[in-house]
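J.: Sequences and hints are given; from them, build the entire structure.
Next come the chains, spelled out residue by residue.
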Amino acid sequence: MMKQLTIAVAGILAVLFLSTCWVGAAEPEKDTTFSVTPIGHVQKSEERTSIVLDKKHEPGLLGLEGFSHIYVFWWFDRNDTPEKRAILQVHPMGNRENPLTGVFATRSPMRPNLIALTLCKVVSAKGNTIEIESSDAFDDTPVLDIKPFIPGYDTAENATVPEWLEKSRKTRESKETNTGPRR
Amino acid sequence: MQPIGVIRSSYREAKETPIQGVFSGNAEAHVELKPEYAVGLKDLDGFSHAILIYHFHTSESEKLVGKPYLENEEHGIFAIQSPHRPNHIGLSVVRIMRIEANRLYFSEVDILDGTPLLDIKPYVKQFDSREDAVSGWIERHFENGQQPQGVVVQ
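So the sequences go chain by chain: A and B.
To convert, note that position 13 of the first sequence is 12 in numbering that gives the first Met the number 0; the numbers rise steadily by one, no gaps.
To convert, note that position 74 of the second sequence is 73 in numbering that gives the first Met the number 0; the numbers rise steadily by one, no gaps.
Hints in this document: simulated from the structure, not taken from any laboratory.
Just to be clear, a hint being listed does not mean it is correct.
Claimed, not checked - Here are the computed lysine-lysine pairs in the DSSO-like style, where the Cα-Cα straight-line distance is at most 27 Å:
{"#": "1", "chain 1": "B", "residue 1": "Lys66", "chain 2": "A", "residue 2": "Lys120"}
{"#": "2", "chain 1": "A", "residue 1": "Lys54", "chain 2": "B", "residue 2": "Lys66"}
{"#": "3", "chain 1": "A", "residue 1": "Lys125", "chain 2": "B", "residue 2": "Lys62"}
{"#": "4", "chain 1": "A", "residue 1": "Lys120", "chain 2": "B", "residue 2": "Lys124"}
{"#": "5", "chain 1": "B", "residue 1": "Lys62", "chain 2": "A", "residue 2": "Lys55"}
{"#": "6", "chain 1": "A", "residue 1": "Lys43", "chain 2": "A", "residue 2": "Lys54"}
{"#": "7", "chain 1": "A", "residue 1": "Lys166", "chain 2": "B", "residue 2": "Lys124"}
{"#": "8", "chain 1": "A", "residue 1": "Lys55", "chain 2": "A", "residue 2": "Lys43"}
{"#": "9", "chain 1": "A", "residue 1": "Lys43", "chain 2": "A", "residue 2": "Lys83"}
{"#": "10", "chain 1": "B", "residue 1": "Lys41", "chain 2": "A", "residue 2": "Lys166"}
{"#": "11", "chain 1": "B", "residue 1": "Lys41", "chain 2": "A", "residue 2": "Lys83"}
{"#": "12", "chain 1": "B", "residue 1": "Lys41", "chain 2": "A", "residue 2": "Lys169"}
{"#": "13", "chain 1": "A", "residue 1": "Lys125", "chain 2": "A", "residue 2": "Lys54"}
{"#": "14", "chain 1": "A", "residue 1": "Lys54", "chain 2": "A", "residue 2": "Lys120"}
{"#": "15", "chain 1": "B", "residue 1": "Lys124", "chain 2": "B", "residue 2": "Lys41"}
{"#": "16", "chain 1": "B", "residue 1": "Lys62", "chain 2": "A", "residue 2": "Lys120"}
{"#": "17", "chain 1": "A", "residue 1": "Lys55", "chain 2": "B", "residue 2": "Lys66"}
{"#": "18", "chain 1": "A", "residue 1": "Lys55", "chain 2": "A", "residue 2": "Lys120"}
{"#": "19", "chain 1": "A", "residue 1": "Lys43", "chain 2": "A", "residue 2": "Lys125"}
{"#": "20", "chain 1": "A", "residue 1": "Lys169", "chain 2": "A", "residue 2": "Lys120"}
{"#": "21", "chain 1": "A", "residue 1": "Lys120", "chain 2": "A", "residue 2": "Lys43"}
{"#": "22", "chain 1": "B", "residue 1": "Lys62", "chain 2": "A", "residue 2": "Lys54"}
{"#": "23", "chain 1": "A", "residue 1": "Lys125", "chain 2": "A", "residue 2": "Lys55"}
{"#": "24", "chain 1": "B", "residue 1": "Lys124", "chain 2": "A", "residue 2": "Lys43"}
{"#": "25", "chain 1": "A", "residue 1": "Lys166", "chain 2": "A", "residue 2": "Lys120"}
{"#": "26", "chain 1": "B", "residue 1": "Lys66", "chain 2": "A", "residue 2": "Lys125"}
{"#": "27", "chain 1": "A", "residue 1": "Lys169", "chain 2": "B", "residue 2": "Lys124"}
Just so you know, these numbers come straight off a predicted model, no measurement behind them.
T.: Okay, structure coming up:
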């Protein structure tokens, strides 16, 4: 309940903040404001990471166990302040050696709408709980949506990334043995 | 949340919108960011693809089970990509064509004109694709290399 409230309040604050600097053609679809409500939360222990959905959403998991991977949409709730949501450029991965980059060109948790997206491997799906292989989400992070991952639909086979990302990814991989989802 | 911009495409109605962007050929569309967000696009042109996250604004219903376009069987809403879902969040992987000021032009479009945009993320294949992925009930529609019929939302 607190989480829902926090997101709604932060949304209102963000609207108030943004509406003061938004000068553009007033189109209805541009100015729509809406709130999101968590469908569940991340539950993390030393052994496992799970997504626990609110009981009422459990029927929505029917057939999910057939997928090996899912897209999980979370809310970067730790950055839910108008100041942080106003940041539009960052040094990716908190490394000053990475050039200052637009937030929409990074997976940074700094962004106007705090939607996080991670592709996760499903370990098991039982009842209202999906155990996933690994995730960089914190314990108790609000979850907004889950979508099945469908290769061929959601993948770009010849996708390329800028040099700075290739470089920092290689450095990072050589330091770590765990190659789970990162941002 | 407030949209960061709007998506402009040639698809005015759901029934003429391709079910997936990979089926849309060379059709081009663009994102029109609110001008103050344009600085957030810096260096996105170094990526070939982007993930657009948007609001399924025409959906008025929120369901927990639904029938996907490929078949008549019901599945949980989190096992299909239907717009009639809690929070109405949509996702598309698109090919970046060019960026001009606050406009991001892209192809591989499956998004309705006027759709409110919530976020843009760079597509990074190490994060966003898996070679060993298995796709549940959808697998049988792709057997023997076949491409499913009916590429438009019914």
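J.: Please go over all the hints and tell whether each is borne out by the structure.
T.: Tested hints:
1. B:Lys66 <-> A:Lys120: holds (24 Å)
2. A:Lys54 <-> B:Lys66: holds (22 Å)
3. A:Lys125 <-> B:Lys62: holds (20 Å)
4. A:Lys120 <-> B:Lys124: Given that 27 Å is the threshold and the Cα spacing comes to 15 Å, the pair holds.
5. B:Lys62 <-> A:Lys55: Holds - the C-alpha atoms of Lys55 (chain A) and Lys62 (chain B) are around 11 Å apart, at most 27 Å.
6. A:Lys43 <-> A:Lys54: holds (18 Å)
7. A:Lys166 <-> B:Lys124: holds (15 Å)
8. A:Lys55 <-> A:Lys43: Holds, because 21 Å separates the two Cα atoms, which is no more than 27 Å.
9. A:Lys43 <-> A:Lys83: It holds: about 25 Å lies between the C-alpha atoms, which stays within 27 Å.
10. B:Lys41 <-> A:Lys166: holds (19 Å)
11. B:Lys41 <-> A:Lys83: Measuring from Cα to Cα gives roughly 18 Å; hence the hint holds.
12. B:Lys41 <-> A:Lys169: holds (23 Å)
13. A:Lys125 <-> A:Lys54: Holds, at roughly 12 Å.
14. A:Lys54 <-> A:Lys120: holds (22 Å)
15. B:Lys124 <-> B:Lys41: The hint holds at about 20 Å.
16. B:Lys62 <-> A:Lys120: Roughly 25 Å between the alpha carbons, so the hint for Lys62 (chain B) and Lys120 (chain A) holds.
17. A:Lys55 <-> B:Lys66: The given pair, whose Cα atoms are some 19 Å apart, holds under the 27 Å limit.
18. A:Lys55 <-> A:Lys120: OK: Lys55 (chain A) and Lys120 (chain A) at ~24 Å, within 27 Å.
19. A:Lys43 <-> A:Lys125: Judged against 27 Å, a Cα distance of about 16 Å means the pair holds.
20. A:Lys169 <-> A:Lys120: Since the Cα atoms of Lys169 (chain A) and Lys120 (chain A) sit roughly 22 Å apart, the hinted pair holds (cutoff 27 Å).
21. A:Lys120 <-> A:Lys43: holds (15 Å)
22. B:Lys62 <-> A:Lys54: holds (15 Å)
23. A:Lys125 <-> A:Lys55: holds (14 Å)
24. B:Lys124 <-> A:Lys43: Cα-Cα ~26 Å, so holds.
25. A:Lys166 <-> A:Lys120: holds (25 Å)
26. B:Lys66 <-> A:Lys125: holds (22 Å)
27. A:Lys169 <-> B:Lys124: Status holds; Cα separation ~14 Å.
Comparing the model with each earlier hint shows no violations; every hint is respected.
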